[in-house]
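Sequences listed follow chains A, B and C, in order. The opening position of the first sequence corresponds to residue 1 in this note's numbering, with each subsequent residue numbered one higher. The opening position of the second sequence corresponds to residue 1 in this note's numbering, with each subsequent residue numbered one higher. The opening position of the third sequence corresponds to residue 1 in this note's numbering, with each subsequent residue numbered one higher.
Just so you know, the hints here were simulated from the structure itself, not pulled from any lab data. For glycine and all other residues, C-beta sits at the position ideal for the given N, C-alpha and C. One should not assume that every hint holds.
[To be verified] Going by beta-carbon spacing under 8 Å, a handful of chain C positions derived as facing chain A:
(1) Gln38
(2) Ile50
(3) Lys56
(4) Arg89
(5) Leu91
(6) His208
[Stated by the list, open to error] Below, in silico cross-link-like pairs of lysine-lysine (DSS-like), each with a Cα-Cα straight-line distance of 30 Å or less:
(7) B:Lys59 with C:Lys144
(8) C:Lys26 with A:Lys232
(9) C:Lys209 with B:Lys70
(10) B:Lys107 with A:Lys188
(11) A:Lys188 with A:Lys164
(12) A:Lys367 with C:Lys26
(13) C:Lys82 with C:Lys106
(14) C:Lys118 with C:Lys26
(15) C:Lys35 with A:Lys264
(16) A:Lys239 with A:Lys106
(17) B:Lys80 with C:Lys202
(18) B:Lys80 with C:Lys34
[What the hints assert, rightly or not] Have a look at the derived ranges for each label pair, beta carbon to beta carbon:
(19) A:Gly370 with C:Glu175: 35 to 41 Å
(20) B:Lys59 with C:Glu46: 42 to 48 Å
(21) B:Asn61 with A:Arg366: 51 to 57 Å
Spelled out from the first residue to the last, the chains are:
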Amino acid sequence: MTSLLNGVRRTNSLIPLLKQMKITFSTETVQAAPLAVNTQKVSKAMKAYLERAQEHDNFMKAQTIEFQIGKRHLANIMGADPENFTQEDIDEAIEYLFPSGLFDKKARPMMKAPEEIFPSRKAAEFDETGRPFHSMFYTGKPNFFQLLHNIVAEIRKAQYIEDKMIQRGRLPAETDRLDMTGFAWLSKTDLEKILVETISDLEYNNFLNTMNRLAAQPAAFKCREFALQYAKPLIDQSKISEIPKPQFDENGKQFITTYECLRKTARADVTIRFPGTGKVTINKDHDITYFKHVQSREQVLFPMIFINQLGKFDVEANVEGGGVSGQAGAIRWGIAMGLRSFVDSDVIEDMRVAGLLTRDYRRRERKKPGQEGARRKYTWKKR
Amino acid sequence: MRVPTAVLQRNARRPQKEDQVPFQELLPLRLRNHVSGKSNRMNDVSCLQEMATMFACMKTNEFSESLCNKEISNFQKCYKVHIDRAFEAKKTDNQGIVKPGKDLNYKQLNKYLRNYPSPF
Amino acid sequence: MLGPASKLALFRPTICLVSHMSVYPKNYIDPIFKKDQQEALKTSGEHLKIAHIPIKAARNNDTVSVFHDDVISKFTNYIMRKGDKLLARDLLDKSFEQIKRVQLEKYNTAKTEEEKAKIQTNPKEILHQAIENSRPLLQLTPIKRGGVTYQVPVPITINRSNFMAMKWIIEAANEKERTIHFPQKLAWELLDAASNQGRVVKRKQDLHKQCEANRAYAHYRWS
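With these hints in hand, go ahead and build the complete structure from the sequences.
Set out below in structure tokens:
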């Protein structure tokens, strides 16, 4: 079984090697050493680089072979066809053979192709005499600083367009702006992946500031294509989960049941019936007076008051565990989720903005040792 | 009897001889490329004038607020403006984000000085 | 107060100095559940931006019910001891009932229509008025200068003055004889403060007088 997981987590051995590799770059890994190199003129740096590249290539080759063998073994263990064993099959098999309860998914056992496990490295960025190709080579982070230069060039372009507009007697309109609604700039890790360089927080902040300056230009609409290379689209939040279609019960009423409504340690399932009379049934034989707190009752009715449909739905809820407000919160979430099937998308968006469709994952914060409670410290006495 | 040394000397203000007292450059003879942030401590004293007029009005009217509405609202408006300005400054100036203008924070000045250091 | 726009920290570089304690990730924003606030969002066109931002869950004391009032819910929380909100809310409801009784009695004994029109019988309005009347404008902070502690008058924010008013009202209601119950005393204090008299308003005026006496030190504050 040990050979099975080879090629899995070997990153440690590569890290010191990567740290040496500061000189080299460009996004692709070098597959083989360049062939026609004049042996007399090769500089020391180039020689060292070629050695390292060779070493890396051999290492990757060995890893790939090991991965292929491991994959075939795994397919045989699982009784599947080794030729058509895909990555999804591998993941499934690993999860089955090595069940793990570790919280962080990255910490669980995995088996991936070596190209995914080991980060890509830069190819040689200097010729055989040791002369760098890039003018910003000696900054240590040429790709990053080149990017900053490119952004500034785009800013100049936008300013030029704006000047031209003003010369023609037209002020830039709102539509000439760079509209970045629905996009966010790349995160630091994503940007590092693109640049194949590690950047500091300060440098990432500089990137954000420069990008924001570009986006703030009054006539930056032509820079959209450039800007989108370094932005990722945000998901429309209301379209994340699918809305179920209501079913029909024996009386011809529409109904929808939401299971697994959780809040704190309470757990509920909630059924909504339409058309109804506003009747609320909790745990079969209680009405809303199941809750003694007025606040909890308000919570149960909150979604229906919010969409102005109080008294038009029947609610049946089964709730267990937790305390009063937890149970009320669980039912509130269940009702709100169920109501989505009966209202149009604008109202759903309103409900989302009102925070009714978000699961409340907050829990009681634990007491810490050496403290009176979760945050409060003991009274400090000098002596 | 002791005689003061200054009386015995022919010329007390005579310059030192450079060959006898060689010049030592203990500190670099140019301006530093940074300024200290000591003088930039946020001055929180504001609206003193408004406070004084408000107190004067309140004292004459025996501390009934309904008769000093104008002064009170002036005072509160002034404080609100002050708080808002401080909040804005916290977001921009105090983080050293440079902007055009002459009243610069020490962080902004340092940023300029880093970009344009002393020429020699 | 911050509008929702200023909370959109999406494109803003952030430098984190303290650890993030919230369960929600940083890009989550507070829920906007009040109808008028949602309308304002739509008229300003900000709802298009919010469409891409996840929202925190509404808290369990938020609601759009007509019986809900922000000031009352805050006041309940200040009355509350050791998390017993059921009791706190019960006490406040009882004192509202007392207020209603007293005011209705006044209303019914009033002779003319004009007198009747002057009497406020809504306990919610009376609470608002009471808090408004007992809000201080300044407070005294001790500042040490050259070994001597000076009491320096300092302006306070609206939130702070609201808090102090509510705290004073509750403190005044707690100072009572054993035979009188808290809701009864609270009702009296609220009625007194709403008509701009009583102990809480006196306390506020005393504070103002002290501030006035110490006005010479006003320029000492710096922080």
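Evaluation of the provided hints:
{"no.": "1", "hint": "Gln38", "result": "holds, 6 Å"}
{"no.": "2", "hint": "Ile50", "result": "holds, 6 Å"}
{"no.": "3", "hint": "Lys56", "result": "holds, 6 Å"}
{"no.": "4", "hint": "Arg89", "result": "holds, 7 Å"}
{"no.": "5", "hint": "Leu91", "result": "violated, 13 Å"}
{"no.": "6", "hint": "His208", "result": "violated, 33 Å"}
{"no.": "7", "hint": "B:Lys59 with C:Lys144", "result": "holds, 27 Å"}
{"no.": "8", "hint": "C:Lys26 with A:Lys232", "result": "holds, 17 Å"}
{"no.": "9", "hint": "C:Lys209 with B:Lys70", "result": "holds, 19 Å"}
{"no.": "10", "hint": "B:Lys107 with A:Lys188", "result": "holds, 25 Å"}
{"no.": "11", "hint": "A:Lys188 with A:Lys164", "result": "violated, 35 Å"}
{"no.": "12", "hint": "A:Lys367 with C:Lys26", "result": "holds, 24 Å"}
{"no.": "13", "hint": "C:Lys82 with C:Lys106", "result": "violated, 37 Å"}
{"no.": "14", "hint": "C:Lys118 with C:Lys26", "result": "violated, 51 Å"}
{"no.": "15", "hint": "C:Lys35 with A:Lys264", "result": "holds, 28 Å"}
{"no.": "16", "hint": "A:Lys239 with A:Lys106", "result": "holds, 27 Å"}
{"no.": "17", "hint": "B:Lys80 with C:Lys202", "result": "holds, 26 Å"}
{"no.": "18", "hint": "B:Lys80 with C:Lys34", "result": "holds, 25 Å"}
{"no.": "19", "hint": "A:Gly370 with C:Glu175: 35 to 41 Å", "result": "holds, 37 Å"}
{"no.": "20", "hint": "B:Lys59 with C:Glu46: 42 to 48 Å", "result": "holds, 47 Å"}
{"no.": "21", "hint": "B:Asn61 with A:Arg366: 51 to 57 Å", "result": "holds, 55 Å"}
Comparing the model with each earlier hint shows violations of hints 5, 6, 11, 13, 14; every other hint is respected.
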